[in-house]
Amino acid sequence: MELILAGVIKAFHLLVSLDDEVLGIAMLSLKVSGLATLVSLLIGISAGTLIALTSFPGKKVLVSLVNTGMGLPPVVVGLFVSILLWRNGPLGFMELLYTPGAIIVAQSIIATPIVMGITIGAMQNLPANLRLQILALGATRGQMVWMLIKEARLPLMAGVMAGFGGVISEVGASIMVGGNVRGYTRVLTTATVMETGRGNFDIAIALSLILLLFCFAINYILTYIQQRERPR
Amino acid sequence: MNRITRTLSLFVALLLSAAVSVPPGHAAAQKTLILATTTSTQDSGLLDVLIPVFERQSGYFVKTISVGSGQAMKMGERGEADVLLVHSPDSEKDFVAKGFGVNRRLVMHNDFIILGPANDPARIRTVKSAAEALKAVARSGSLFMSRGDNSGTHAKEKGLWKGAGVAPEGQKWYQQTGLGMGETLNVAAEKKGYVLADRGTYLALDKKARLGLEILVAGEPKLLNIYHVIEVNPAKWPKVNSAGARAFGDFMVSRKAQDVVRTFGKKEFGSPLFFPDAGKKPESLGL
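If you're matching them up, the sequences are chains A and B in order.
Mapping the first sequence onto our numbering, position 127 (from 1) lands on 127, and the numbers just tick up by one.
Mapping the second sequence onto our numbering, position 273 (from 1) lands on 1273, and the numbers just tick up by one.
Bound conformation, chain B alone (with noise of 0.2 Å):
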């Protein structure tokens, strides 16, 4: 009975000598900052690069949360993020219209492309349009996933389907995943559907898992991806930690970032994922 007793006494004093050191170090001492992202910057690494960069530059320790954006935007609306960086312009201008956000600064863009089994069921790789693309992936029934999560490839996708006169919901053929874009992805492939995807996700997905999803449909203006970065209105929401959201918007379009944006993934997938536009106007990106 002694032995158990010192063993189990062994093993309490072992948790307890963890619970003193459970906060490993930083972000008490640090201002904290919550940047609410989208799955599509975090499973591409190109996050894992920037936020190291700011938080040597800032003093800030960055809380990246990645969800969709709109799952971001909801954030933001509650106070519950300090900035966001986002893809879904339209939502975007009607979270900045009705005051939620503050100084959106256009950062980045890649563009969106419709995937596909190489068999191509659909017959969409010759039609000309994302619309006529989506018509055709209609009228044949084949199966189509979607991410099904308010994201902003989501928001896009429910807009081309818009534009191409197709209600999806409820058919047979289309599918949601409710899930992150690398996840989406996977189920495609593993299920040889059509997939809208950015392409910076697909590369860096493909790179590592060789998914056997062709590129079918790209390079379209209405296909572009772009990405902005919001403050949250501190006058809302008075806990928001606006001096570093202004400082992590600063950044994100500082020339070293964007140098960043610029070369990223450029070795590792033979070209780069994000294309930087900083002081751009939106305009002029043909939209």
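The shape of chain A in the complex, shown without the other chains (with noise of 0.2 Å):
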């Protein structure tokens, strides 16, 4: 009990003093999940409201695969992003491993179904009769894609905080294609994981509560958002 009281005391101390490592590390974890967000949301919405909006044979199939891949271990997608991005593999011409780069492009990959899985589930849920409603009322179809878009944006803005919340806190992808590298690609998790082996556990759990402080911060704000809407 009383370490858990030494790593909040240790985290207090960390955030107030403005620990430069500490500091550096909560930033790359907010940049590189971030960045990882803001690219599964691009493709996840896109592709989920392409696949919501249209039928075609195999739609069923398609759909329990996006699913699916919303519980992607991120173990495995470390896997093979680290497989296909060494400097001898096919796609070692990048020079992506052990970078931040590789740390995105991987938790891309984690977020991307998540995203995409319920952008499908919100705009399913939207009355089957509007898109013939605004289609009537002269929309092009862009015009109705982007109106249903923002018709679903609460059940959306819940996809993108389970999109960073699932990669912010993953850390099996980030060790192996970022390498935990000192002062370049640690992030909260991997760095939790080495100081909890060196025995610095009220650093680890001043890092976790730093993790878990960040989470809430992103999520009050989208939840803000999204709430600010419900009364009508």
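Please note that a few of the clues may not be correct.
[What the hints assert, rightly or not] To give an idea of the interface, some chain A residues facing chain B are shown, with a C-beta separation under 7 Å as derived from the structure: (1) Arg87; (2) Gly197; (3) Gly199; (4) Asn200.
If you are wondering where the hints come from, they were derived from the structure by calculation, not from laboratory data.
Quick caveat, the model's predicted, so the values are computed rather than measured.
Glycine included, C-beta positions come from ideal geometry on N, C-alpha and C.
Assemble the dimeric complex from its two separately framed chains, guided by the hints.
Put into structure tokens, the structure is as follows:
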């Protein structure tokens, strides 16, 4: 119990004293996972909308695949991405392995199915006649899709939160493709694993608390935006 | 609605501005060097002292990937690392013999110790050798935690079991963590099991986490833990940064680095965690 207390005090200390290394690690986590979420939003929302609004043979199989992908284990992604990115591997010429870019790639792959799955669900939950109505009012197809996305924005926001929460908290892929290189690819989760191995439990707890604080802050902002729309 | 769009676009803009600033400065401009090493060198904190000195002196940016010695050598075999700092002498010789590595040089040593709970259920405190200790552990069926990760420590442990004539794999009292040295020590402490560890990691960890394990067997030539630096053979993999690997190898056996090794941990832990050995023959260590 006193260990947790020591960790809390340490966390407070590290935050207040603006410890350079910890601040760097925290900012990198935020940047990498934020960017990965952004990439997953671009791909996930567009592909999810497309899948939801069209019908084609094999759609059920595809949607099941996407839904399975929502639980894609980060270590599996980490393993395949590192094999692809090895400098003597198929994508080695990109020289991405053990860089922040590699973590962004892996985390984007983890977050995309999450966003896509939630997008499909959100779009399919819209009233079926809405599309016809919008088109009947003279909207082009593009305008119609944009209006539907706006209409589904509340559940989509949940997708953003789920995607971001999924990637900022994962450690398996980050450690494999990033390598936990000090001052370069060390993020909050990989640093926590390392400090635990070193027996620096107070720093490990401090890092976890900072991670939780981040998750809360981001989700608070997103929830705030989401809930403001509710009372109508 | 407008406010929402505004807040959202602000959020996106924030993420985008983060995008622009992502690769934090260095690494891109400098030549990078991939060092594959063991968890013990990282968990003890030695590399945190040595690497910055090397980086300042040579201008290389070192990406330290800390894995077990087994995985480090696999990375070397595939040309995915430039230089190795490992402690698994038998497989190292094999690695060099097969042409994967060149210029293997002795850097430092410490020793392995067998740790266990204070009440010592297998009574190994009084035995004379590691082999006898392991036999006693097996006979009494006391819990033994193994790394189980093909690391140098795991290789040493397997060798000791072989020497004791015991096949522990699959026994109920023999459990494998598959984790690094620090984490395995934590598990062994928590479950009150016996464990083989390198002295450096144990001292560094025990100082901070008070493990409650005691050193029961130590001080045998067989228990020496010897670290070598090996350059990955650029003839096999042209992408290997051989100049950087050579520079790192030279640095590790240089006076400067050896002095760091000699004094590292003395102040904090009361005794040094590693002993510098550059230029010595392995035989002089009593092998």
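So, going through the hints one by one against the coordinates:
no., hint, in the structure
1, Arg87, "holds (5 Å)"
2, Gly197, "holds (3 Å)"
3, Gly199, "holds (4 Å)"
4, Asn200, "holds (6 Å)"
Consistency note: the structure conflicts with none of the earlier hints.
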